[in-house]
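Protein chains: 2
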Amino acid sequence: MSMSNDTAAKDGQKSARLAPRKVDVVIVGGGISGLTTARRLSQAGISVAVLEADDRVGGRTLSYEYAPGKIAELGGTWVGSTQDRILALAKELGINLFPQFNEGKTVYCYKGKRSTYSDTGWTGAAPPDLLLLPDLAIVTTLINQMASRLPPGEPWNAPEAEEWDRQTLETWLRRHTLSTRALKFASAAFETILGTEGRDISLLSALHHINGAGNAQNPGTFDRVIETRGGAQEFRIVEGAQQFSIRMAAALGESVVTSSPVRLIRQSEDGVHIESDRVDVEALHVVVALPPSMAARITYEPGLPAARDQLMQRYALGWLIKCEAVYDKPFWREQGLSGGALSDVGPAKLAYDVSPPDGSPGVLLGFVGGDEARRWGSRSHEDLRVAVIENFVSFFGPKAREVRDFYIHDWASEVWNRGGPIAFGGPGTLTGYGPALRDSVGRIHWSGTETADFWHGFMDGAVRAGERVAIDIRAQLKRSSQK
Amino acid sequence: MSMSNDTAAKDGQKSARLAPRKVDVVIVGGGISGLTTARRLSQAGISVAVLEADDRVGGRTLSYEYAPGKIAELGGTWVGSTQDRILALAKELGINLFPQFNEGKTVYCYKGKRSTYSDTGWTGAAPPDLLLLPDLAIVTTLINQMASRLPPGEPWNAPEAEEWDRQTLETWLRRHTLSTRALKFASAAFETILGTEGRDISLLSALHHINGAGNAQNPGTFDRVIETRGGAQEFRIVEGAQQFSIRMAAALGESVVTSSPVRLIRQSEDGVHIESDRVDVEALHVVVALPPSMAARITYEPGLPAARDQLMQRYALGWLIKCEAVYDKPFWREQGLSGGALSDVGPAKLAYDVSPPDGSPGVLLGFVGGDEARRWGSRSHEDLRVAVIENFVSFFGPKAREVRDFYIHDWASEVWNRGGPIAFGGPGTLTGYGPALRDSVGRIHWSGTETADFWHGFMDGAVRAGERVAIDIRAQLKRSSQK
Numbered sequence: 001m002s003m004s005n006d007t008a009a010k011d012g013q014k015s016a017r018l019a020p021r022k023v024d025v026v027i028v029g030g031g032i033s034g035l036t037t038a039r040r041l042s043q044a045g046i047s048v049a050v051l052e053a054d055d056r057v058g059g060r061t062l063s064y065e066y067a068p069g070k071i072a073e074l075g076g077t078w079v080g081s082t083q084d085r086i087l088a089l090a091k092e093l094g095i096n097l098f099p100q101f102n103e104g105k106t107v108y109c110y111k112g113k114r115s116t117y118s119d120t121g122w123t124g125a126a127p128p129d130l131l132l133l134p135d136l137a138i139v140t141t142l143i144n145q146m147a148s149r150l151p152p153g154e155p156w157n158a159p160e161a162e163e164w165d166r167q168t169l170e171t172w173l174r175r176h177t178l179s180t181r182a183l184k185f186a187s188a189a190f191e192t193i194l195g196t197e198g199r200d201i202s203l204l205s206a207l208h209h210i211n212g213a214g215n216a217q218n219p220g221t222f223d224r225v226i227e228t229r230g231g232a233q234e235f236r237i238v239e240g241a242q243q244f245s246i247r248m249a250a251a252l253g254e255s256v257v258t259s260s261p262v263r264l265i266r267q268s269e270d271g272v273h274i275e276s277d278r279v280d281v282e283a284l285h286v287v288v289a290l291p292p293s294m295a296a297r298i299t300y301e302p303g304l305p306a307a308r309d310q311l312m313q314r315y316a317l318g319w320l321i322k323c324e325a326v327y328d329k330p331f332w333r334e335q336g337l338s339g340g341a342l343s344d345v346g347p348a349k350l351a352y353d354v355s356p357p358d359g360s361p362g363v364l365l366g367f368v369g370g371d372e373a374r375r376w377g378s379r380s381h382e383d384l385r386v387a388v389i390e391n392f393v394s395f396f397g398p399k400a401r402e403v404r405d406f407y408i409h410d411w412a413s414e415v416w417n418r419g420g421p422i423a424f425g426g427p428g429t430l431t432g433y434g435p436a437l438r439d440s441v442g443r444i445h446w447s448g449t450e451t452a453d454f455w456h457g458f459m460d461g462a463v464r465a466g467e468r469v470a471i472d473i474r475a476q477l478k479r480s481s482q483k
Numbered sequence: 001m002s003m004s005n006d007t008a009a010k011d012g013q014k015s016a017r018l019a020p021r022k023v024d025v026v027i028v029g030g031g032i033s034g035l036t037t038a039r040r041l042s043q044a045g046i047s048v049a050v051l052e053a054d055d056r057v058g059g060r061t062l063s064y065e066y067a068p069g070k071i072a073e074l075g076g077t078w079v080g081s082t083q084d085r086i087l088a089l090a091k092e093l094g095i096n097l098f099p100q101f102n103e104g105k106t107v108y109c110y111k112g113k114r115s116t117y118s119d120t121g122w123t124g125a126a127p128p129d130l131l132l133l134p135d136l137a138i139v140t141t142l143i144n145q146m147a148s149r150l151p152p153g154e155p156w157n158a159p160e161a162e163e164w165d166r167q168t169l170e171t172w173l174r175r176h177t178l179s180t181r182a183l184k185f186a187s188a189a190f191e192t193i194l195g196t197e198g199r200d201i202s203l204l205s206a207l208h209h210i211n212g213a214g215n216a217q218n219p220g221t222f223d224r225v226i227e228t229r230g231g232a233q234e235f236r237i238v239e240g241a242q243q244f245s246i247r248m249a250a251a252l253g254e255s256v257v258t259s260s261p262v263r264l265i266r267q268s269e270d271g272v273h274i275e276s277d278r279v280d281v282e283a284l285h286v287v288v289a290l291p292p293s294m295a296a297r298i299t300y301e302p303g304l305p306a307a308r309d310q311l312m313q314r315y316a317l318g319w320l321i322k323c324e325a326v327y328d329k330p331f332w333r334e335q336g337l338s339g340g341a342l343s344d345v346g347p348a349k350l351a352y353d354v355s356p357p358d359g360s361p362g363v364l365l366g367f368v369g370g371d372e373a374r375r376w377g378s379r380s381h382e383d384l385r386v387a388v389i390e391n392f393v394s395f396f397g398p399k400a401r402e403v404r405d406f407y408i409h410d411w412a413s414e415v416w417n418r419g420g421p422i423a424f425g426g427p428g429t430l431t432g433y434g435p436a437l438r439d440s441v442g443r444i445h446w447s448g449t450e451t452a453d454f455w456h457g458f459m460d461g462a463v464r465a466g467e468r469v470a471i472d473i474r475a476q477l478k479r480s481s482q483k
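Chains as they are written, first to last, in my numbering: chain B, 1 to 483; chain Z, 1 to 483.
This list has only true hints and no planted wrong ones.
It does not matter which identical chain is meant; a pair holds if it fits inside one copy or across any two.
In silico SDA-like links for lysine to any residue, alpha-carbon gap of 20 Å or less:
no.: 1; residue 1: K22; residue 2: R278
no.: 2; residue 1: K184; residue 2: E162
no.: 3; residue 1: K329; residue 2: N102
no.: 4; residue 1: K184; residue 2: E163
No lab work stands behind these hints: they were computed from the structure.
Input sequences plus hints: build the corresponding full structure.
Laid out in structure tokens, this is it:
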């Protein structure tokens with residue numbers, strides 16, 4: 001069985017046209033970022049409208065309830081302990097966390113050889129492969145050192161920004177690794193973390209991502225990006241990650257309009273006029289809480305400054321396909337395995353145990369990203385299902401064939417997402433156009449996780465960006481009311 | 001004085017809504033590529049409609065008649081002798097060529113030192129700088145050798161495609177040059193040729209551009225891209241480059257609708273339904289003759305395949321600003337200078353004499369591209385004018401201050417162009433998504449100069465792409481009528 005938006009997590013809202021509205025602030029995009037802005041403004045007594053193109057809220061989170069109380073995360077899945085803002089929002093919304101299952105050994109496959117290892121030592125996520133670890137130690141140390149030199153959220157202001165933005169991550173990795181093994185390991189990590197390949201992004205973009213994996217007190221590190229314990233994969237969400245958006249939208253009530261893609265943002269001296277499929281809105285400010293390449297698909301009148309437009313032409317989403325296999329029980333646990341796996345053979349080069357908190361049923365998640373997604377994204381879901389199950393068999397044995405259900409979610413095929421998990425710039429983009437990521441254009445404000453100072457590309461970054469914009473707009477509204 | 005579309009080359013067509021139409025083929029984009037397709041189909045008795053967003057035809061050509069019979073080329077300017085298809089079209093349309101003025105010496109400025117040289121020797125466009133030529137000889141030889149290994153129009157099928165697409169052009173240049181001088185020279189060339197920097201594009205993208213600078217009989221070379229004699233800057237157009245489009249549009253009459261941006265392309269089994277601001281059209285096929293990043297701004301129903309969408313998110317236009325200074329006469333000619341200049345100091349690092357055929361008045365063209373465009377594009381036109389005139393003074397002496405008129409055209413600020421002269425992919429784009437550049441999606445065909453086998457990014461490529469699509473569609477219409 002394959003999954004698409006047609007059957008997942010609908011809110012059932014009809015597509016009838018609504019009467020025009022007038023609010024203080026209109027927000028384009030009903031993901032975590034946009035809804036956080038709407039919530040914060042609304043809490044401050046500022047009237048809002050949230051316009052979402054899709055027939056559901058949640059953006060790049062999508063939680064499919066395949067059985068009562070049982071959630072398959074087809075999008076954003078984890079939060080971690082330096083992700084202060086999403087953790088605070090979870091508390092505020094009564095959303096509960098549980099630890100990512102991490103007991104037992106991890107599977108590592110390389111060149112047809114399978115081994116298992118305990119995720120306990122230094123760079124715990126890395127397999128104890130003697131041909132891999134020396135390279136990995138050097139690369140990780142260098143990468144962390146370089147990343148620490150970036151001003152959070154402003155990588156283009158790093159002293160070495162030009163040098164690091166003029167080469168691909170892959171160019172740098174090839175210069176600083178001795179074995180192709182380390183290169184393959186790093187590739188598999190980036191394929192799944194960014195949905196992209198080391199050649200698609202600049203070294204500076206990669207360092208920006210790592211620099212962001214922390215908070216004001218804890219500088220970002222590579223380890224924290226890839227780790228479970230203390231890292232970005234530390235906790236899962238009992239109710240499903242989409243609940244952040246669903247609960248915020250519920251509290252905002254009729255202020256949220258789904259199935260209503262915004263087509264036009266017209267700005268004048270006094271305000272903004274927004275046209276969407278179901279409703280037109282007049283407001284004082286507009287927040288575009290979309291990745292840059294999706295924000296490009298709205299018509300702006302007057303046209304945006306050239307730098308912003310050029311940024312939107314080259315700040316592209318990665319390509320990630322999430323595959324989940326449901327089993328009667330998590331049989332790998334009985335074998336002393338954590339369900340985690342790392343392999344040099346696709347389509348699913350990375351796997352996790354994503355069973356519910358009570359461990360029933362057993363669910364495996366396979367990441368298919370970058371080149372693997374490009375290769376498999378054009379083939380049938382049935383072909384992909386068969387291939388991913390073969391990956392799982394190679395990791396966990398023949399019992400992995402006894403699949404009860406199988407879900408595929410290809411984020412690049414979703415017309416209102418067109419990729420995932422994160423958008424990034426190729427070489428030259430951050431140094432050439434970086435400030436345009438966030439610089440507002442009159443009454444148009446740019447949000448979305450890509451604009452965050454920390455954890456950009458993650459749910460935490462979405463909250464941070466949403467809160468930053470809410471603060472900016474409140475200050476502007478206050479100033480103009482005092483005039 | 002600065003120039004914008006508001007005052008340039010209008011066709012005066014009003015913006016009234018027109019009655020819906022039904023034609024065989026609808027073409028989106030009234031540049032050379034789209035109009036060539038329309039012309040060829042129309043000549044074969046196939047009915048067409050051409051929908052152009054702007055209030056003029058011509059795409060990335062724009063000829064401003066600043067005095068009766070006197071043309072300033074604010075966009076595409078030159079054609080060259082291996083550009084068979086645009087040359088044939090010129091003949092067909094009664095458009096006349098004249099040689100680019102190339103008598104006298106070229107000016108070369110580096111590190112504050114000005115020298116002049118005769119454009120006669122090997123790589124004639126290169127200055128005889130002893131610290132530059134050895135590097136340039138090696139780099140040019142290697143680049144030409146590598147470029148010759150690309151299958152025309154299909155760089156992703158080259159044996160070394162992966163290796164060449166995973167590094168930036170700048171990474172490769174730094175490895176193969178001894179002095180920074182060669183790097184600066186190459187940067188100035190690419191800034192103006194592609195409107196971009198060596199770090200923005202992959203080595204494969206650059207090789208693709210060079211491989212395309214030829215035809216089936218003459219393999220592309222770097223020299224032909226940068227040369228005047230026998231190269232891409234060989235001839236100018238007496239009537240102005242925009243005349244290609246204006247004359248083709250005139251012949252097509254009411255089939256061409258300007259000021260009518262296409263918003264929606266809906267495809268069904270039987271045909272396509274197109275919605276544009278002034279007219280809706282039903283057709284059997286649609287040709288999108290736009291650069292990929294502009295094609296992304298149309299809504300497609302059903303959504304496009306993921307690979308095509310992802311391509312459009314990362315195939316960005318360069319940034320080029322063209323500046324033209326009009327003088328009473330071409331005073332530099334009296335000094336034995338050709339009007340050509342190359343400098344390491346911007347904003348205008350490259351200059352040409354673009355006076356009319358009769359040499360009166362004298363006109364200088366300054367290219368402001370890549371980083372220079374990013375730097376100056378956000379400043380006032382007055383600041384840019386002053387700075388470019390200072391460039392011209394440093395090239396040709398104080399008489400360059402006696403400017404009669406000055407025109408600035410910033411292609412990235414034009415809402416229906418958003419950059420120039422060409423769109424290109426960063427590292428990973430051609431190998432990851434290349435075939436999606438041209439692969440039609442059912443009844444949707446992709447055209448525009450970027451899809452050409454030769455001279456992509458040039459007017460000749462636009463004609464080639466337009467003719468290719470016309471042939472494809474004729475074959476398909478013939479097949480379906482035989483069913």
